[in-house]
Amino acid sequence: MAYRVKLNMFEGPMDLLLHLIKKNEVDIYDIPIAAITDEYIRYLDMMKAMNLDLAGEFIVMAATLIHIKSRMLLPIPEEGVTEEEGEDPRAELTRKLLEYQKYKLAAIELNSRTVLGRDVFARGVPFDLSFDMTGESGADDPGLADVSLFDLVAVFRDIIKRLPHPYKIDLTVDRFRIADKINAIMEMLSLEGSLVFKDLFPLTAPKGEIIVTFLAVLELARLLMIKVNQTEDGVIRIRRAFKGESAGVDFGEGGAQAGNTIGEVH
Amino acid sequence: MDRNALKPIIEALIFAADHPLSVDRLAAVLEGEARDDVREALRELVSDYSSGLRGIYIEEVAGGYQLRTHPGHAPWLRRLFKMGMQRISKAALETLAMIAYRQPLTRAELEGIRGVDSAGVLRTLLEKRLVRIVGRKDEPGRPVVYGTTKEFLETFSLKDLASLPTLKEIETLEEAPELPETMEGYATENDGGKTSEDNSAGGDSVEKEGRGDDPSGKGHGEPQGS
Amino acid sequence: MDRNALKPIIEALIFAADHPLSVDRLAAVLEGEARDDVREALRELVSDYSSGLRGIYIEEVAGGYQLRTHPGHAPWLRRLFKMGMQRISKAALETLAMIAYRQPLTRAELEGIRGVDSAGVLRTLLEKRLVRIVGRKDEPGRPVVYGTTKEFLETFSLKDLASLPTLKEIETLEEAPELPETMEGYATENDGGKTSEDNSAGGDSVEKEGRGDDPSGKGHGEPQGS
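Chains as they are written, first to last, in our numbering: chain A, 32 to 297; chain B, 29 to 254; chain C, 29 to 254.
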């Protein structure tokens with residue numbers, strides 16, 4: 032395979048689990064572990080199939096889920112149950128999720144405060160607050176503003192499902208290169224300003240192209256060339272990231288350079 | 029020196045200082061003045077700034093007082109500085125929140141909660157001086173522990189760490205939408221009705237009280253997108 | 029937008045800009061506003077500031093308008109910047125870091141690493157008692173060797189030298205500052221008293237600037253290191 036997209040730039044396994052729990056409206060205190068595990072693994076497979084470079088943590092979480100699932104299947108011994116043995120195998124996971132969720136909420140709360148350099152200004156040029164504007168490869172945050180990676184994956188799954196052909200990811204297509212797609216998307220963006228994410232995937236397009244398009248969007252987000260936003264009506268749009276006057280990487284100059292930035296070209 | 033003479037000096041000092049000035053610091057500079065007079069003059073100054081249509085106000089933050097532009101004027105200032113809308117990454121916010129509430133904590137503890145490698149985001153937070161190494165943990169390996177800085181308080185308009193809402197308070201705001209779940213209705217194009225700007229989670233934070241009554245900021249119209 | 033709405037915006041812009049703002053620039057930022065309105069609002073603003081006892085005023089200077097502290101308050105501002113600020117140069121910080129990690133070391137060794145003459149910086153560090161002569165090296169000329177002091181530990185809130193992050197730990201964070209983040213209280217700029225008149229120098233180093241506004245050395249509301 033000619034490309035890989037690093038996923039550790041995006042969210043982690045805890046985010047994915049919380050995403051699934053919310054999406055399925057399940058009770059975090061009573062997680063239907065079998066169903067959630069299956070769906071978690073489906074997401075993983077999906078992401079792997081798209082050549083997203085899954086961080087080890089995702090696999091560890093999958094193992095944890097499977098372990099819990101198997102423990103749930105064990106019959107509960109009738110007598111002599113100590114407190115500990117009798118504990119719900121999911122308890123530890125639930126505790127961790129709740130804690131993580133707490134900090135996610137705290138993060139939202141922090142973000143809602145009056146932020147110096149964003150909402151209010153003191154004297155002098157404000158220092159660059161946004162971690163996603165450094166434009167360097169080491170940037171911490173992809174240009175997914177208020178959309179999570181898993182949102183995108185979910186939308187993408189819907190798109191794949193809508194395809195007239197049976198759901199099967201065919202990755203043998205080399206005709207579509209990410210670099211070309213990136214250039215095409217940037218070109219469209221410079222004409223249109225912003226694009227609806229879904230519109231990038233016409234039903235008539237071959238699956239290989241659809242996948243490459245998806246990866247191109249992720250790569251652009253990672254490189255902070257674009258921002259992904261969800262508007263009030265729930266529609267996910269992408270638009271050019273604001274980069275001051277001097278844009279960092281110039282994809283307009285053809286695929287060669289783009290190919291390099293994508294890295295790990297095999 | 030009488031209080032009326034004190035006020036302009038304090039104004040000049042707060043204006044010139046790079047960071048919030050504490051009453052202690054003011055009193056030290058204004059040696060010989062009664063602390064109470066300093067405090068009272070400062071109070072009057074703060075109130076002068078809050079009355080009428082002003083472009084700047086004095087905020088009590090990070091243990092001191094600082095002049096700032098009104099939130100409603102941010103779009104114009106962005107234009108002045110030729111900046112885009114600044115966004116702080118989710119990873120950074122999450123990490124900051126954990127450090128703020130759990131400090132001091134080690135990188136391993138942090139990663140235990142987040143479930144992902146956090147070296148990169150920690151590095152950025154250190155560089156931006158929102159976080160610092162505050163010591164070492166007394167355990168095998170003596171790992172360094174992280175805490176938040178004064179700049180963190182300044183950046184997030186916090187008087188001190190105690191002004192952070194407790195996690196419990198935050199939990200009660202849990203209905204606050206966490207963006208991801210809107211995906212569900214994506215195919216059917218549900219209403220959603222949510223933008224990134226109004227993470228209503230913190231709508232009623234302590235912070236806002238002080239200056240929430242200043243509508244002057246809003247409604248001046250915003251500049252067209254830069 | 030009427031003039032009354034324009035005034036606070038102009039005030040905020042002039043306040044936040046670190047250089048005098050020209051009418052042209054203001055008009056450009058306030059796109060859509062009539063130039064005459066901008067000019068008139070500005071005129072009113074200047075006159076507002078000149079009436080009454082104020083600590084700051086708007087000066088027309090270098091083709092633009094800038095907020096400045098009143099000349100009469102200069103002595104207080106000098107006190108503000110002199111006191112507690114203990115500004116320390118970047119060179120001094122670098123040297124301190126080297127001495128902290130490699131002590132005891134000679135001046136020649138130090139200069140070998142830094143690649144520049146370090147006599148001046150060493151003298152300053154000795155004067156500030158952050159560094160001291162700890163002995164002599166057993167080699168030709170028996171040069172003196174330097175080490176850090178207790179004041180060094182105090183200043184940077186270090187329990188002991190072992191609490192310095194190891195170079196390895198620092199490397200794992202790659203570009204984490206090579207100094208403990210506790211260098212907080214120090215500015216990396218070694219200018220002296222900075223007043224509103226020459227603030228432009230530090231304009232783009234807002235975040236690096238003296239977090240030293242707190243002479244007490246105690247962070248307000250910050251957790252103590254463990």
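The set of hints was computed from the structure by calculation and includes no laboratory data. Watch out, some of these pointers could steer you wrong.
[What the hints assert, rightly or not] Sample of chain B residues at the chain C side, in silico, Cβ under 8 Å:
{"#": "1", "residue": "Leu95"}
{"#": "2", "residue": "Leu105"}
{"#": "3", "residue": "Leu108"}
[Claimed, not checked] Far from chain A, by Cβ distances over 12 Å, these chain B residues were calculated:
{"#": "4", "residue": "Glu59"}
{"#": "5", "residue": "Gly60"}
{"#": "6", "residue": "Met126"}
[What the hints assert, rightly or not] Simulated pairs of lysine-lysine, BS3-like, Cα-Cα distance not exceeding 30 Å:
{"#": "7", "chain 1": "A", "residue 1": "Lys133", "chain 2": "B", "residue 2": "Lys35"}
{"#": "8", "chain 1": "B", "residue 1": "Lys35", "chain 2": "C", "residue 2": "Lys118"}
{"#": "9", "chain 1": "C", "residue 1": "Lys110", "chain 2": "B", "residue 2": "Lys187"}
{"#": "10", "chain 1": "B", "residue 1": "Lys35", "chain 2": "B", "residue 2": "Lys187"}
{"#": "11", "chain 1": "A", "residue 1": "Lys54", "chain 2": "A", "residue 2": "Lys79"}
{"#": "12", "chain 1": "C", "residue 1": "Lys165", "chain 2": "C", "residue 2": "Lys118"}
Even glycine gets a Cβ: it sits at the ideal position worked out from N, Cα and C.
Output the numbers, in ascending order, of every earlier hint that fails for this structure.
-> 6, 7, 8
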